[in-house]
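If you follow the hints, you should be able to join the two separate chains into one complex; please do so.
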Amino acid sequence: MSQLKILILFFIVLFVFFCSLVLGPKIIMPGALDDVEREILFSIRLPRVLVAFLMGTALGASGAVLQGILRNPLADPYVLGISSGASLAAALGIISGMIFLGSVTTPVLAFIGAIATGGIVGVMGIKRGGFWPERLLLAGVGMSFLCSALLMLIMSLSTDEGMRRATLWIFGDLSMSDWQRIPYGSALVLIGVVLSLSRAKALNALILGDELAHSLGFAPQRERFILFISVGLMTAASVSLGGMIGFIGLLMPHIMRFFFGADNRILIPASALGGGALLCTADLVSRTVLPPMELPAGVVTAIIGAPYFLYLLRRKDALSI
Amino acid sequence: MKYYIIIIFLIVGAGYPAFGEPASPPKRIVSLAPSTTEILFALGLGDNIVGVTSFCDYPQAAKEKPKIGGMSNPSLESVILLKPDLVVMTTDGNPKESKERLSALKIATYVFTARRIAELPQAIREMGVSLGVPERAEALARGIESALRKRTAWDIMGRGSNSAIRKEPVLEESNRGRSETHKKVLFIVWPDPLIVAGPGSAMDDAITLLGYENIAKEAKITYPKYSLEEVIRQSPDIIAIGKGSGMDMRAVSRGILQRMSSVPAVKNGAVCYMSDSLYRLGPRIVYGIEELAECLNSRS
Chain R
1 MSQLKILILF FIVLFVFFCS LVLGPKIIMP GALDDVEREI LFSIRLPRVL
51 VAFLMGTALG ASGAVLQGIL RNPLADPYVL GISSGASLAA ALGIISGMIF
101 LGSVTTPVLA FIGAIATGGI VGVMGIKRGG FWPERLLLAG VGMSFLCSAL
151 LMLIMSLSTD EGMRRATLWI FGDLSMSDWQ RIPYGSALVL IGVVLSLSRA
201 KALNALILGD ELAHSLGFAP QRERFILFIS VGLMTAASVS LGGMIGFIGL
251 LMPHIMRFFF GADNRILIPA SALGGGALLC TADLVSRTVL PPMELPAGVV
301 TAIIGAPYFL YLLRRKDALS I
Chain U
1 MKYYIIIIFL IVGAGYPAFG EPASPPKRIV SLAPSTTEIL FALGLGDNIV
51 GVTSFCDYPQ AAKEKPKIGG MSNPSLESVI LLKPDLVVMT TDGNPKESKE
101 RLSALKIATY VFTARRIAEL PQAIREMGVS LGVPERAEAL ARGIESALRK
151 RTAWDIMGRG SNSAIRKEPV LEESNRGRSE THKKVLFIVW PDPLIVAGPG
201 SAMDDAITLL GYENIAKEAK ITYPKYSLEE VIRQSPDIIA IGKGSGMDMR
251 AVSRGILQRM SSVPAVKNGA VCYMSDSLYR LGPRIVYGIE ELAECLNSRS
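Quick note, the sequences are listed as chains R and U, same order.
All letters in the first sequence, in the order written, are residues 1 to 321 by our numbering.
All letters in the second sequence, in the order written, are residues 1 to 300 by our numbering.
Please note that the accuracy of each hint is not assured.
Unchecked claim - To spell it out: a stretch of chain R is covered by chain U in this simulated footprint if at least three of its residues, at any positions, have a beta carbon under 8 Å from a beta carbon of chain U; those stretches are:
# : stretch
1 : 21-27
2 : 66-72
3 : 151-160
4 : 196-207
To be verified - Straight-line distance between alpha carbons at most 20 Å, and here's what the computed SDA-like set of lysine to any residue pairs gives:
#  : chain 1 : residue 1 : chain 2 : residue 2
5  : U       : K83       : U       : S24
6  : U       : K217      : R       : T288
7  : U       : K65       : R       : T288
8  : U       : K96       : R       : D160
9  : U       : K217      : R       : V289
10 : U       : K267      : R       : P291
11 : U       : K267      : R       : D35
12 : U       : K184      : R       : P291
13 : U       : K217      : R       : P25
14 : U       : K220      : R       : P25
15 : U       : K267      : R       : D34
16 : U       : K220      : R       : E211
Think of the hints as simulated: they come from the structure by calculation, not from any bench.
Remember, it's a predicted structure, so these values are computed and weren't measured experimentally.
In this text, a Cβ means the ideal position worked out from N, Cα and C, and glycines have one as well.
Bound-form chain U, shown alone (with noise of 0.2 Å):
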């Protein structure tokens, strides 16, 4: 008797780490992504990252981290080298070879499939259970939707669901983050040649979530190349320019902005510059939120 309960112990142990989910964190863990990287510190695991990429560089200890390459190019061998328990990908920016290359080389990946705010708290959820860190991630969950609920209409979009995506007449139910006249925004990525925030990016989901309107929710792409002309045409109320890294974007904007002048949003100076905040989605997306409440409120 002794000995068969001895043997299932032996079955079960043995089979164990087939079942996917480390028992505890991983030691060494590669982040593929300047968002993963942040979420991964926010858990706590901010010890265990042996690598990062070369765009990763917030925390300030991210920076003084091993870079592997880029993010569209990681260095495969520089990952390797660093001998990884768990590689930290994102279905938005990595190549999607990486991770068959990786699991061919029996590194375990875990990748982050989150690319709209809506759907940023479930996949931190997830991303704890399989990391080891259900708790951590639940509070950091928790804390996000919080203060997304402070300024949003996010209840009544639900939690976490992809349902949350384009749901304009329930906006309409709630009193919260609702502006009065639900202006219009655009929002500049870039002035030269001009990029802007279009359907399925952060900045659109956080228009949308304030209750405010994007007039480039109907471009084709993410980050489309918009025509001068039809900003004109539209008139946005409201324009915010997102900042390139290390750029002066007042200086760059002069320019694109005085091709525009006509448009109420410059007539009126309601013209914001904003920080990097929302490009990443990750912890920080919140302050990007704030921050971009900020600049809508207090100029509509």
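In isolation and in its complexed conformation, chain R is listed as follows (with noise of 0.2 Å):
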């Protein structure tokens, strides 16, 4: 029964990719294609598509692995203060005009920032040769409050022009997609998910709580530790390629658990399609609903997530919580 709704998935997943493609302030069929057409089709929508794609990925399994290590039903990939800190050296960037390495110089410094901001999490995380959900916690939650005010006071010294660009940055930008970011980012998604999988069956007994988990054969520390390295990874290569978007960390993985169950085995891919598709359907509604504008990602996000989400918690069986 759950190959059957994987497989259904799967094909939901593929018909979004092909949906995105296609549909558009502009229809365009792949079958007649002139040199414009072409041109959109492949420079423009297909990177932009695949970022989509690569970043809801990210943000699904993530959010899951997160909820596991955490054991907590309200974590969700922000929580570790990563975004916080590839936000703050974004705008930085953005606001001091910093175009060291051209088009992708905001995605490194966000990258930069979310790397240095997990690694200090991280270590905050350590105690006595442990690696401590709650110390993770807390020192999450701690970054992120710094990080947010150093970011505020940022954006409250700068013009009104360069604010607003950080803003458009921060709440979901994936305008800027092009091929050049795709196959770094590919990598890191891709080596995220590997990891995060591969450890699928020590989630699961993680979540049962240390001493179980010791007892059937697993050093929780360093499958803790392992994880935290999968999401972060997973999360600041999200945050740099294309901003905050909020929602699909933390709910995806409990709207898949209605679906799935909660073996992580199946719930981190299942969560992490899922998370692609619904990015992607928002990116399509962002660009499509008031052309030529485009509105952020982020919000339209969750403007389609959150009122679903609200209606699955209304079903009392639906959801874990």
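Structure (structure tokens):
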């Protein structure tokens, strides 16, 4: 039965992928393409949809893993402060106009910010040779506050123009997706997903508690550490590719748990695929609803997803909360 | 009889401030926007200015004036400490509450309401009258109008009236400032993310006045985040890139221009880098239009 569901999910993802390529402010049918349309399809829409898919995958998988590591249904990839650090670094770059690497400057800065913050949080999570979820959570929240405060400081000191640009990036900006970013993004997300999938059984055990996990043959601290690295990589990749897209990390795992159960070996890939599909859809909506303007993708994601989540919540048996 | 005359003079004299117009220019003026600062300097009131925003950088003398904060967040405390006779603000950039708060503190304010190029000369005239320098304002306004008339289809659009906005059919009647083929222009305010000048912006006004077509004129807001797909579809003939403060626009725009490499503007090298003269609705708008005209006419 669950195999069938996975197959259905897979087909939904393919369908969404196809729609995102074809639909948009103007519909492009793959059959009859003239030069302009071919260019739009291959150099603008295709990279954009791929980036959206990568980001959604990274966020969905990270959310599932993190909710397991922290044993907390409200955990989301941004609770570790990684996104705040990334936003701070990106905003600094955008507002001060650093462009030493051309158009990949902002993603690179965001990635550095993410890894740096993730690193600090990770180090703070260690005590007595162990890697503790409560410490991780608190360190993440603390770093989040610090980075947000610094970010708000920078933005209040900048011109309105600089602030608007930084804000548009932070709200989720897929408009600058190009082929340059895809190799790095794919590599990072792939590493993260493979890493977390390889540890999915351990994650199942961790959820039961450290003693039980230990008695089942896993080294809880080591597993947690490896999973944390995978979450860090995926979240850093996602935020650096296109800013902060909320909702997916937090709620996609819950939605998928309803359909597929809580076994992480299935939940992680399901959340990843679901996240990818949702973000592709949200991006499609954001560029189609008020043409030629583009809305921030993060906003559309939450507007689409949150009501659905609330609806599921009303059905008492739906979610694991 | 004498007493009646004296009493009448006293009443009239006491009531004069209630007329709301200073008899002579205010001695201490605070300006809450770079554009109004420039206009005040152009009206010869530079010495009367006691406070400007931190973004007021033209003319040179403005940089040396005491600062009272930003445009969207001026520090009322700093303004009050300067004991101004008049605070000049705009509807386009200053928070609306400032006027009420300043009035509550019994500080006189003048609100500059022009947002479009068409409204500028009249707004300058009105401000000149309110500030007690009507002749200089008239001269400044005339100067702007004649400069505009030289380059564009200004006359046909009607001087200073709001009806000047969006009168495409009327442009047909004039040959001045009219490009031969009504070419398509895109004015990029910032390349990454792509923000362009849409309807209601000074750049859009300037493009239309010069007889060209702004491809972003159907957008819903003044400075929209624009779809790259749409730019490629619209194939603009000329691209103008505005200047971000302190940025090397050539370097910043390289990426976006590469992605647009199939549009005529990029293929033919019809891309010009402008200064920020069109960003402020003040006396320098004329230079901005000159610059834009230079850019568009030499590449069409």
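query = Any hints this thing doesn't respect? Which numbers, in order?
reply = 2, 4, 7, 10, 16
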